[in-house]
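Spelled out, the chains give:
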Amino acid sequence: MRHLEWIARDRLNKFRDQLRKVESAEFLNNSTSVALRSIENEIDKLEKTIDELSKLSSAKYLFQHGVTINQKLFSYSNALGVLLRSTNLRNAFEAYFAFNQMAANVIDQQDRLIISSEWDAIPFYIPSPPDALASFVIIGIPAFASRNSLLLPLAAHELGHAVWRIKQLDGPLSTTAEMHFHDYIDQNSDRFRTDFNLHENLFVQQETDLIESECLKLVSSQSEEIFCDFFGSLLFGESYLYAFDAFLSPGFGRREPRYPALGRRAAYLKRAALSDPKSLRKGVLNPEYFELADGIPSRSAIVKLADEVSEKLEPGLLEQARRYANEARAELEGGDNADTMMMNLRAGIPPDQPRSAVEILNAIWKVYFERLDQETSAVGRTNIHSSMNNLCLKSLEIYEYRYRQRNGWSTK
Amino acid sequence: MTSYEGLADAAFAAAVDVQLKIEGLSSSLESFQKFAKLLKEPILPESEYKLLHDARNLPLYKAAWSNTYGQRNADLKPNVLLTKIAELLCSAEVEIDNWKKEDKQKVADFCLALNRAFLEENAKTYNMSYSARAMHASS
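If you're matching them up, the sequences are chains F and E in order. Note that our numbering gives residue 271 to position 271 of the first sequence, counting from 1, and the numbers run on in steps of one. With the second sequence counted from 1, adding 1000 to any position gets you our numbering.
Read the hints as simulated data drawn from the structure, not as lab findings. Treat the hints loosely; a few may be bogus.
Unchecked claim - With a Cα cut of at most 27 Å, we get these calculated DSSO-like pairs of lysine-lysine: (1) F:Lys60 with F:Lys45; (2) E:Lys1104 with F:Lys167; (3) E:Lys1101 with E:Lys1050; (4) E:Lys1034 with F:Lys55; (5) E:Lys1104 with F:Lys55.
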């Protein structure tokens, strides 16, 4: 056996051992299990290829396959870390069924949602997972927040990113963005030349092309974020706004150009989630501090331009988000109405037949605020949060139980 | 759309297929045919644009072509180069059995060079996406 062959085989075997260890975790959900199998199939294929290559006289194929193995194991290792942590008790397992159901409805595949308690400070999704996991939606929630069920609506924003990727929404959008960009510079040619110092420039066209390319990259990324915010707020209604506010207020003191300004995001969220903007609890998504949340306004000309163009795309993004949010909805027919559910929660009892995760989250936030208003001490408020969190998790568990009781064990 | 990882895997399997044939071992050329077919697929559903003609990948084809057939051959106009590649893959699919060993070897080397180019691009993309986690967070 050639030296390279042994190294490759040994590496694959060691990785397979790790896969099996994760697979033996006590709290393994369906999606993680399917993802592990999918990676293991790839490991098997890589091993079979070694068998084939060992027949060849030329060692260069084995060398190249070794490079491929290293590259794949590099990406699988990162993914395996997330899969391992998805089995950790820090996760809100009670919510998995309902969220997996929503993901399955919108991406048309069962058991493809991985939600994991992670050590990044902000929620994330993996935008381009390795091919073996291409159909999976992989979402990380910061460890300090991963069992805080009141923040669960934020996972819908990350699910939105997966919808954006899997449904390839970026393609059609780029043509419209380009059109708006040209409209803008046609209608504001003087301002455009001043903003970008093009009056004395001999290479106006080349400069404009570069500006267009950079601007459209920002527009594309801002649009994806706007879509995800719309998707989350349309799917979860007010509870998305409360979770957003609870997690992000008062911002990080800096404007990230790949996102719309926080103040603008807050305005979008309100427009999408609320029929009456005044119905929002006082202080939540307060425009006064959301305008300040991005630090001192010092946007460069290109960011201002990207902001102008992405704003034009808002109606189309809202329409797309509405379509996919409607597809994602999952409900238990004939369950408790909102009033009955609220009555139970006020009494500290989980609902008997909750209709959906969305209704649970909205009712929980309402009752939480009602109780919060009657309590001024920090300790008392912490206790209220803790009890509402437990009620929420239990309600989600009951939703799963009732749903399965009525519809069998499929997640669809 | 096919990822760089998928393209690299397909190019490698195609190269192995041809190499097995060169060395007189059993090979149905099925993977080679799959790879040739993949490059003819539309870049997006309902698009007339073929994967081979994706302008973003032109430097990769150029690099692989010059690596195998020499720099002079890679300095062709993009369309001419891509047509040459398409014709090479097409005729190899049909009649590679009748080719001289050196010509077969060139095809295998070209597929392997493509595999390298796609793998490198895949590593770049993956690293970018890995470090972009924060960028895609909900903040």
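Problem set entry | Agreement of Lys60 of chain F and Lys45 of chain F with the hint, judged by alpha carbon distance not exceeding 27 Å | holds (19 Å)
Exercise. Are the Cα positions of Lys1104 of chain E and Lys55 of chain F separated by 27 Å at most?
Worked result: holds (18 Å)
Exercise. Going straight from one Cα to the other, do Lys1104 of chain E and Lys167 of chain F come out at no more than 27 Å?
Worked result: Outside the cut-off at roughly 40 Å; violated.
Exercise. Under the criterion that the straight-line Cα-Cα distance not exceed 27 Å, is the pair Lys1101 of chain E, Lys1050 of chain E satisfied?
Worked result: violated (30 Å)
For this session: Take the C-alpha atoms of Lys1034 of chain E and Lys55 of chain F, compute the straight-line distance between them, and say whether it is at most 27 Å.
Result: Roughly 22 Å between the alpha carbons, so the hint for Lys1034 of chain E and Lys55 of chain F holds.
Checked against the numbered hints above, the structure violates hints 2 and 3; every other hint is satisfied.
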